[in-house]
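Chemist: What follows is the residue order along each chain.
There are 2 protein chains.
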Amino acid sequence: MTYKQYYVFLIALTVFLASPVFANGETVRFDAENKLYRPEGWRQWVFIGAQVTPNDMNGGQAYLPEFHYVYIDPVSFEQWKKTGAFRNGATFVKELLSVGSKEGMTGNGYFPGEFIGLEVSHKDTNRFPDNPGGWAFFSYGKPPYGEISADLKGDGELDCGGCHARGAEDWVFTEYYAILNEERP
Amino acid sequence: MTYKQYYVFLIALTVFLASPVFANGETVRFDAENKLYRPEGWRQWVFIGAQVTPNDMNGGQAYLPEFHYVYIDPVSFEQWKKTGAFRNGATFVKELLSVGSKEGMTGNGYFPGEFIGLEVSHKDTNRFPDNPGGWAFFSYGKPPYGEISADLKGDGELDCGGCHARGAEDWVFTEYYAILNEERP
Numbered sequence: 000m001t002y003k004q005y006y007v008f009l010i011a012l013t014v015f016l017a018s019p020v021f022a023n024g025e026t027v028r029f030d031a032e033n034k035l036y037r038p039e040g041w042r043q044w045v046f047i048g049a050q051v052t053p054n055d056m057n058g059g060q061a062y063l064p065e066f067h068y069v070y071i072d073p074v075s076f077e078q079w080k081k082t083g084a085f086r087n088g089a090t091f092v093k094e095l096l097s098v099g100s101k102e103g104m105t106g107n108g109y110f111p112g113e114f115i116g117l118e119v120s121h122k123d124t125n126r127f128p129d130n131p132g133g134w135a136f137f138s139y140g141k142p143p144y145g146e147i148s149a150d151l152k153g154d155g156e157l158d159c160g161g162c163h164a165r166g167a168e169d170w171v172f173t174e175y176y177a178i179l180n181e182e183r184p
Numbered sequence: 000m001t002y003k004q005y006y007v008f009l010i011a012l013t014v015f016l017a018s019p020v021f022a023n024g025e026t027v028r029f030d031a032e033n034k035l036y037r038p039e040g041w042r043q044w045v046f047i048g049a050q051v052t053p054n055d056m057n058g059g060q061a062y063l064p065e066f067h068y069v070y071i072d073p074v075s076f077e078q079w080k081k082t083g084a085f086r087n088g089a090t091f092v093k094e095l096l097s098v099g100s101k102e103g104m105t106g107n108g109y110f111p112g113e114f115i116g117l118e119v120s121h122k123d124t125n126r127f128p129d130n131p132g133g134w135a136f137f138s139y140g141k142p143p144y145g146e147i148s149a150d151l152k153g154d155g156e157l158d159c160g161g162c163h164a165r166g167a168e169d170w171v172f173t174e175y176y177a178i179l180n181e182e183r184p
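These protein sequences, in sequence, are chains A and B. Under numbering that gives the first Met the number 0, residue 184 is the last one in the first sequence; the count climbs by one each step, no gaps. Under numbering that gives the first Met the number 0, residue 184 is the last one in the second sequence; the count climbs by one each step, no gaps.
Among these hints, one or two may not hold up.
Which copy is meant is left open, so a pair is good if it fits within one copy or across any two.
Said to hold, decoys possible - Taking lysine to aspartate or glutamate pairs in the DMTMM-like style, the calculated list, with each CA pair at most 25 Å apart, reads: (1) Lys141 with Glu113; (2) Lys80 with Glu113; (3) Lys34 with Glu102; (4) Lys80 with Glu182; (5) Lys80 with Glu146; (6) Lys101 with Asp55; (7) Lys34 with Glu146.
For the record, the hints were derived by calculation from the structure and aren't laboratory data. Remember, it's a predicted structure, so these values are computed and weren't measured experimentally.
Could you put together the complete structure from these sequences and hints?
Modeler: This is the structure we're talking about:
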C-alpha cells in the first residue's frame with residue numbers, strides 16, 4: 000500500500016466512522032414515534048454556509064441567537080449536484096454558536112464563541128406526508144445535546160416551517176448557500 | 000454490495016475525488032519556486048469556523064472584508080485530533096464572501112452573498128525554514144481564482160504573518176474554532 004493509498008484509506012475510514020450511512024442508505028435514523036436520533040458526525044458533513052443574527056442587532060432578543068453553521072448530509076449533497084433538488088431523506092444541521100468576540104486582529108466584526116444549540120431539518124414526503132413539503136424540524140437543545148429529538152413541528156407560522164416556507168427553494172434558504180449555488184447542475 | 004456499502008463507497012470516492020492526497024501524503028502541491036497550486040476540493044475539507052468583519056463595522060474599509068469560511072485539510076485534522084498540534088504540511092483555507100443581506104426571516108444579522116476571495120496558509124518548517132513557525136501565506140485573488148498562488152510573504156507586520164503571530168496557537172486563531180477546541184486531545 001502506497002502512502003497515497005494509505006491516506007485515502009485513512010480519510011475514507013474517517014468519513015465512514017464520522018458519518019455512518021445506515022443499511023437503507025439513510026444518513027439518519029428515527030425511532031418508532033418518528034423522533035430523530037441526533038445525527039452522528041455532522042461537523043464532517045458538507046458545510047454549506049454560516050450566518051450571524053446576534054442579540055445586539057435584534058434588541059437583545061434574537062429569535063435564533065448568534066452564529067449558525069449549516070451542513071447538509073453528504074449523500075444529499077451528491078444528489079443536489081446531480082439534480083439541483085433535495086431528495087427524500089435530505090438532512091440539514093444548523094449548529095448555533097455564541098458570539099465570542101466583536102473585535103479581532105482584522106478589525107471589528109462577529110467572531111464565534113461556544114456551541115449553544117443544535118437543530119435539524121429533514122425532508123421525507125413518505126414519512127411526514129402531512130408536513131408542508133415533507134419537511135420536519137427537530138431540536139437537541141443546548142450542549143450536552145439530547146440523544147433524541149424534541150419535535151419542533153414544522154407546519155406552524157411561528158415555528159421553523161413558518162419561516163422556512165419562505166426560503167428560496169423547497170423550504171431551504173438556498174439564497175444564503177453560495178456552495179449549493181455553485182454546485183447547482 | 001449492500002446499499003450501505005454502496006453509499007460508503009460513493010462518499011469515499013467523492014472525498015477522494017474532491018480532496019486528492021498526493022503520493023508523498025500531502026494534500027497540496029508546490030511548483031519549483033515554492034508557489035502553491037490552488038488546493039483542490041477545499042470546500043469538502045473540514046470546516047472549522049466562520050467570522051464576519053464587514054466593511055460597515057470598519058469605517059467602510061475592512062482589512063479582510065466580510066465573511067470568512069475557514070477549513071483545514073482532512074489529514075491535518077486527523078493529526079490535530081491525535082496530537083493537538085498542527086503538523087508540517089498543515090493547510091488552512093480561508094474563503095471570503097460578500098455580505099449578501101443584513102435582514103432575514105430570523106431577524107437582523109449578516110447573511111453571506113458571493114465568493115470574493117481565497118487565501119491559504121501552509122506550515123512546513125522544512126520548506127519555509129525562514130518563515131516564523133514555518134508558516135507561509137498565499138492568495139488566489141478574486142473569482143475566478145488563480146491556478147497558482149501569489150505569495151503573501153508571512154513575516155511582515157502588515158501582512159498575514161503579522162496578525163497570525165498573535166493567534167492563540169502556532170499562528171492559528173484557534174480561539175475562534177470551537178470545532179478544533181472540541182476535538183483537542
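Chemist: Please work out whether the CA atoms of Lys101 and Asp55 approach to 25 Å or closer within one copy, between two copies, in both situations, or in neither?
Modeler: Result: close both inside a copy and across copies, 11 Å intra and 13 Å inter.
Chemist: Go through the copies and call it for Lys80 and Glu113: within, between, both or neither, with a Cα cutoff of 25 Å.
Modeler: Between copies, since 18 Å is at most 25 Å while 32 Å is not.
Chemist: Have a look at Lys80 and Glu146 and pick one of within, between, both or neither, based on CA distance no larger than 25 Å.
Modeler: For Lys80 and Glu146, the Cα distance is within 25 Å only across copies (23 Å; inside one copy 31 Å).
Chemist: Between the shortest in-copy and the shortest cross-copy C-alpha distance, which are at most 25 Å for Lys80 and Glu182: within, between, both, or neither?
Modeler: within (6 Å within a copy, 30 Å between copies)
Chemist: Is it within, between, both, or neither for Lys34 and Glu102, if the alpha carbons may be no more than 25 Å apart?
Modeler: Answer is neither: 40 Å inside a copy and 32 Å across each miss the 25 Å cutoff.
Chemist: Up to 25 Å between alpha-carbons, please classify Lys141 paired with Glu113: within, between, both or neither.
Modeler: Cα proximity of Lys141 and Glu113: one copy only (11 Å, versus 31 Å across).
Chemist: Is it within, between, both, or neither for Lys34 and Glu146, if the alpha carbons may be no more than 25 Å apart?
Modeler: within (10 Å within a copy, 47 Å between copies)
Hint check: a violation occurs at hint 3 only; the rest are consistent with the structure.
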